[in-house]
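Asker: Going by this note's numbering, the first residue of the sequence shown is number 3, and it counts up by one from there.
These aren't lab readings, by the way, just hints derived from the structure by calculation. Be aware that a few hints might be false.
[As the list claims (entries may be wrong)] Straight-line distance between alpha carbons at most 30 Å, and here's what the computed BS3-like set of lysine-lysine pairs gives: (1) Lys59 x Lys213; (2) Lys48 x Lys59; (3) Lys254 x Lys231; (4) Lys59 x Lys231; (5) Lys43 x Lys83; (6) Lys212 x Lys231; (7) Lys59 x Lys83; (8) Lys47 x Lys83; (9) Lys47 x Lys59; (10) Lys43 x Lys231; (11) Lys123 x Lys254; (12) Lys123 x Lys213; (13) Lys83 x Lys254; (14) Lys231 x Lys213; (15) Lys212 x Lys59; (16) Lys231 x Lys83; (17) Lys212 x Lys254; (18) Lys123 x Lys43; (19) Lys213 x Lys47.
Source: prediction; values computed, not measured.
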Amino acid sequence: MLLILQILEIWPIVFSSAYSLRKQPSQAHSQSVTEPCLFPKPFTKKLDIFCQYDYHKIPYMCDPTGALSRTEVEMLDDTVKSLNLTSCFCASTCDPLSSSYQLGIVVIPNVTLHDLEFCDKTVDSIISPSLPISAYQYGVLLNQYWSDQCNVDLMLLYIRIWVSNKVIRPFIVPIYANSLQRLQRFSRPIVTSNREPVLSVLQRALKHNKKIIESEHRETNSTVPNWAKWTTFGMVSFVCLAFYIANCVTNKMGKTQQKSKTSVASTRKSSDRFRAGFGGGMIMNQTQQKKSVMMFRTFSKTPRNNINRL
């Protein structure tokens, strides 16, 4: 009887412990989500808990396993601010600048090909693609899954371990999207060292990708330099002004020449009239004398011809 009473006293404790052990795997699974299509959505409390936002207080940082300490996250945030980048996970908590590109950083402890296959049925686990391609596809799927609430311009995906038959080093995958879609050709996974700290890998990746953005921006804007534009404008203006001055000088010279010609012609006409008026009688007498001489010659010729005929 005493044994039965002891068993009845111990049974609730055993039942509660069994229930807690039964419940523990589901909780662990909820905290270790690695499928990109099962990540919590932005602007939800689940994402804040999953990314440990209450711990590091950085809105663009998603570190489910706490790979970075709070001090390291603050150092990373200083690098992000110096590069004029902001977060897309901003509702009312932050005020992103309009000229800043939106950033998202995700640190994932381990990923398998089955995680990618779970969200993308086109991936075949038997004929597995190369690991860099799989890492890139993983980042693209996560970016597309979050694109409804947050359009990330640059996402840095850090995969600490890609679980495979081979020993795989960590990957850092930059994903260019949204306003930086034109730089998608630079979205190439980079294999890093296992010994290098996560902070240094992320800082180096941020600076490298910022240089890519700035160099591409300079190339698009430096196709025609400003000094060439101003030089061309000045030369065109100088040529137009020279043509205008030459046209004005030509018209003025033409008018003066025409005035001089008209004045010479009028002087000649007035002189001829003056001469005709002053010596008009003499001219008329000369013409009459010429006419009389001509008539006299004609009359004088006819009798001689008649005499010869006789």
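Asker: Indicate, hint by hint, whether the structure satisfies it.
Answerer: Taking the hints in turn, this is what the structure says about them:
At most 30 Å may separate the alpha-carbon atoms for a hinted pair to count; Lys59 and Lys213 meet this at roughly 27 Å. Our distance criterion of 30 Å between C-alpha atoms is met by Lys48 and Lys59, whose separation comes to about 15 Å. A distance of roughly 35 Å separates the Cα atoms of Lys254 and Lys231; the hinted pair therefore is violated under the 30 Å criterion. Distance restraint check for Lys59 and Lys231: the Cα-Cα separation of roughly 47 Å exceeds the 30 Å cut-off, and the hinted pair is therefore not satisfied.
Taking the CA atoms of Lys43 and Lys83, the gap is near 25 Å; set against the 30 Å cutoff, the hint holds. This hinted pair checks out: Lys212 and Lys231 have alpha carbons roughly 28 Å apart, not beyond 30 Å. Pair hint Lys59 plus Lys83 holds up; C-alpha atoms about 15 Å apart against a cutoff of 30 Å. For the hint pairing Lys47 with Lys83, the CA-to-CA distance comes to about 25 Å; that is within 30 Å, so the pair holds.
The straight-line distance between the Cα atoms of Lys47 and Lys59 is roughly 14 Å, inside the 30 Å bound, and the hint therefore holds. At roughly 48 Å between alpha-carbon atoms, Lys43 and Lys231 are farther apart than 30 Å, so this suggested pair is violated. This hinted pair does not check out: Lys123 and Lys254 have alpha carbons roughly 85 Å apart, beyond 30 Å. Distance restraint check for Lys123 and Lys213: the Cα-Cα separation of roughly 36 Å exceeds the 30 Å cut-off, and the hinted pair is therefore not satisfied.
Our distance criterion of 30 Å between C-alpha atoms is broken by Lys83 and Lys254, whose separation comes to about 67 Å. Straight-line distance between C-alpha atoms of Lys231 and Lys213 comes to about 26 Å, which keeps the hinted pair within the 30 Å bound. For the proposed pair Lys212 and Lys59, the alpha carbon gap of about 23 Å is at most 30 Å, so the pair holds. Our distance criterion of 30 Å between C-alpha atoms is broken by Lys231 and Lys83, whose separation comes to about 34 Å.
Taking the CA atoms of Lys212 and Lys254, the gap is near 63 Å; set against the 30 Å cutoff, the hint is violated. For the hint linking Lys123 to Lys43, the alpha-carbon distance of about 21 Å falls within 30 Å, and the restraint holds. With a CA separation close to 34 Å, the supplied pair Lys213 and Lys47 exceeds the 30 Å bound.
Of the numbered hints given earlier, the model fails hints 3, 4, 10, 11, 12, 13, 16, 17 and 19; all others are met.
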